[in-house]
Amino acid sequence: MAMTTDPVTPGHAGWLRWLVVAVPYLWLILLFLAPFLIVLKISVSTTAIAMPPYTPVLDFTSGLGALWEQFQEFSFDNYVFLTEDALYWKSYLSSLQIALISTFLILLVGYPIAYGMARAKREWRPTLLMLVILPFWTSFLIRVYAWMGILKPEGLLNQLLLWLGVIDQPLNIMPSTLAVYIGIVYSYLPFMILPLYATLEKLDETLLEAAADLGCPPIQAFWKITFPLSLPGVVAGCFLVFIPAVGEFVIPDLLGGSDTLMIGKTLWAEFFSNRDWPVSSAVAVVLLAILVVPIMLFQNAQKKVTE
Amino acid sequence: MAGKSLTAGKSLGPIRRAFAPWNDPTAKPFIQFQNVTKTFGDFTAVDDLSLNIYEREFFALLGPSGCGKTTLMRMIAGFEEPTSGQVRLDGQDLVGVPPYRRPTNMMFQSYALFPHMNVWDNIAFGLKQDGMPKPEIAARVDEMLALVKLEKFAKRKPHQLSGGQRQRVALARSLAKKPKVLLLDEPLGALDKKLREETQFELIDLQVKLGMTFVIVTHDQEEAMTVADRIAVMDHGKIVQIATPAEIYEQPNSRYVADFIGEINLIEGTISAIEGGITTLDCTGTGAKVQVTQDGGAKVGDTAWFAVRPEKVAISLTPPADPNVNAVTGEVWDIAYLGDVSIYHVRLSTGATVKATITNTTRLVERPITWDDKVWLTWSRDGGVVLTR
Ligand SMILES: Nc1ncnc2c1ncn2[C@@H]1O[C@H](COP(=O)(O)OP(=O)(O)OP(=O)(O)O)[C@@H](O)[C@H]1O
Ligand SMILES: [Mg+2]
Numbered sequence: 003m004a005m006t007t008d009p010v011t012p013g014h015a016g017w018l019r020w021l022v023v024a025v026p027y028l029w030l031i032l033l034f035l036a037p038f039l040i041v042l043k044i045s046v047s048t049t050a051i052a053m054p055p056y057t058p059v060l061d062f063t064s065g066l067g068a069l070w071e072q073f074q075e076f077s078f079d080n081y082v083f084l085t086e087d088a089l090y091w092k093s094y095l096s097s098l099q100i101a102l103i104s105t106f107l108i109l110l111v112g113y114p115i116a117y118g119m120a121r122a123k124r125e126w127r128p129t130l131l132m133l134v135i136l137p138f139w140t141s142f143l144i145r146v147y148a149w150m151g152i153l154k155p156e157g158l159l160n161q162l163l164l165w166l167g168v169i170d171q172p173l174n175i176m177p178s179t180l181a182v183y184i185g186i187v188y189s190y191l192p193f194m195i196l197p198l199y200a201t202l203e204k205l206d207e208t209l210l211e212a213a214a215d216l217g218c219p220p221i222q223a224f225w226k227i228t229f230p231l232s233l234p235g236v237v238a239g240c241f242l243v244f245i246p247a248v249g250e251f252v253i254p255d256l257l258g259g260s261d262t263l264m265i266g267k268t269l270w271a272e273f274f275s276n277r278d279w280p281v282s283s284a285v286a287v288v289l290l291a292i293l294v295v296p297i298m299l300f301q302n303a304q305k306k307v308t309e
Numbered sequence: 118m119a120g121k122s123l124t125a126g127k128s129l130g131p132i133r134r135a136f137a138p139w140n141d142p143t144a145k146p147f148i149q150f151q152n153v154t155k156t157f158g159d160f161t162a163v164d165d166l167s168l169n170i171y172e173r174e175f176f177a178l179l180g181p182s183g184c185g186k187t188t189l190m191r192m193i194a195g196f197e198e199p200t201s202g203q204v205r206l207d208g209q210d211l212v213g214v215p216p217y218r219r220p221t222n223m224m225f226q227s228y229a230l231f232p233h234m235n236v237w238d239n240i241a242f243g244l245k246q247d248g249m250p251k252p253e254i255a256a257r258v259d260e261m262l263a264l265v266k267l268e269k270f271a272k273r274k275p276h277q278l279s280g281g282q283r284q285r286v287a288l289a290r291s292l293a294k295k296p297k298v299l300l301l302d303e304p305l306g307a308l309d310k311k312l313r314e315e316t317q318f319e320l321i322d323l324q325v326k327l328g329m330t331f332v333i334v335t336h337d338q339e340e341a342m343t344v345a346d347r348i349a350v351m352d353h354g355k356i357v358q359i360a361t362p363a364e365i366y367e368q369p370n371s372r373y374v375a376d377f378i379g380e381i382n383l384i385e386g387t388i389s390a391i392e393g394g395i396t397t398l399d400c401t402g403t404g405a406k407v408q409v410t411q412d413g414g415a416k417v418g419d420t421a422w423f424a425v426r427p428e429k430v431a432i433s434l435t436p437p438a439d440p441n442v443n444a445v446t447g448e449v450w451d452i453a454y455l456g457d458v459s460i461y462h463v464r465l466s467t468g469a470t471v472k473a474t475i476t477n478t479t480r481l482v483e484r485p486i487t488w489d490d491k492v493w494l495t496w497s498r499d500g501g502v503v504l505t506r
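Protein sequences, first through last, are from chains E and G.
Its first residue numbered 3, the first sequence is counted upward by one per residue in this note's numbering.
Its first residue numbered 118, the second sequence is counted upward by one per residue in this note's numbering.
Source of the hints: derived by calculation from the structure; they are not laboratory data.
C-beta atoms are modelled at their ideal positions from N, C-alpha and C, and glycine is treated no differently.
DEER-style ranges, computed between Cβ atoms:
no.	chain 1	residue 1	chain 2	residue 2	range
1	G	Gly213	E	Phe229	22 to 30 Å
2	E	Asn302	G	Gly280	30 to 38 Å
3	G	Gly280	E	Gln99	46 to 54 Å
4	E	Leu166	G	Asn152	54 to 62 Å
Use the sequences and the hints to build the structure in full.
Laid out in structure tokens, this is it:
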């Protein structure tokens, strides 16, 4: 990344280049930075019985002086409040825990699938890939509802097990944290399989022959050659699964019980049930701050791979 | 180049001349292929092939692309199982023995270095696999690094090395376990000519020093001639001839081998007489009779081919004085100047072309023989061979 000193190409080509560079930035400013600033602003406001339900509402038409006065009203009370009520940090911790365990489970399930796909006959691979992507053609919400139909006490799973005589009382899988794990593992599995498949498929099979030639049986060769070389895929898959899983709302809401604490649910309750926009905004900002760490780790890992 | 091969030949001469277990009927073959056939689907890659390779031999497999050389070698290493027939190593049947239990190591054409390990770990891989004690591993890896002159690169990853350095790492890795058999699949293909020649002599040196059996696959005939004790020339999954480099060159058993190795003049004819050790061919191509001191197993009346190497054909502006040499006359059609030698293409009155090589012993200021000159081509009766197939 040396500083480039080449002169800006004049005229048409120069403009075009600026445009190409500017488009993604414009996109980020419009769709990420602006909403974030709004949320940030609400998080330092105070609740009010009004529409919108917080003060101050910034009025950019009333001149600089008035604007300054409105700025004076900002406070960090909401953030302080988050530390005072155990519900919040428990929700954060529980979310991280559920996301972490889910990520591990997804890796455990996804790796063999991706490995099998990458080792399948060449002509089979597009079909297998299609099968992994196929669920995306149905709405995420509908798929979670389908799981409710399977897991609920009078659902398909219990009916099957009762009919088989494996159990004589319906299992209470749903609602519970276990159901949340099942839901997350199911929903995020493709995000683990795809990057894993991409790295495993690229793996040069003569490396495994070379390992065997040097006296390494297949299982050892997996741990010494295949797995280390698939680490970029493992890392990418884990982050792709972990980051959205922390903030997951739909799955814990539909499949989880009242004891399943997740920050997405807490945030939703704060926003819609309590109508406390400022506190829920603060919850969102802190969630973002927590996720910045793994996101940066992820980018670091990706950079190392491209080197 | 010529000088280099001369010195190498000299240093190895006595060892190599004495080494000829294939002529000893009591010698036990080390690697043995018995009627081995390998098919992929309905394609036969190796066709009912039998072959003996002896301990401490440097054996070369030579042949055009797709003739089954790699397949043959992969059957020794254990990556392919023969469809039928047997492969034995030191008397033991190898069929069903997985690659990781075979006392063979292979240097892959693509090197197949482990990209996530540095040079040191790559070389140590097989040793660690054998559970060798750590200090011994360190000593052996250092020994191998010194051998391939890569001591300074031990901590580098494969992608930080040049092609030639990678090739050396691959060689060191396959040598590290000091296997009974080392399989080299086009090991020098990616190197430039000079480095390739250097490494060829390093390989010969190593093979003699370590007393191992080497099998090399190549489609560079010069390379095979340089390194090998014996060469097997293959075609379509079959072996056409197995012999020492000199025999292959001087006594090819077929037009296929004669044509595959080096330059050769092939002239079709009919055997008209075999008398007193002299075979006479009536050559339609040259419009003359050719006499040879060898009959190649042909009988009078057979169609056969007379084969003579261009360097054994002398070219002159005057007819030969000796009546016992073969002579034809023609016009110089083309001259290819190659630096050390010039190849003269002489067109005979019948329309056939015969090539003759002349060593350029003096600086080429003025050619004594040049285009369109009427010349005589002569070769002695033992200069060429009669081929029947
Ligand atoms: N796994 C396979 N499936 C189908 N055909 C194969 C397979 N491996 C080799 N072949 C075929 O067998 C034949 C011999 O292949 P092989 O690799 O032994 O050739 P080679 O003599 O090493 O050629 P080259 O000099 O190009 O390396 C080729 O025609 C090839 O297409
Ligand atoms: Mg090959």
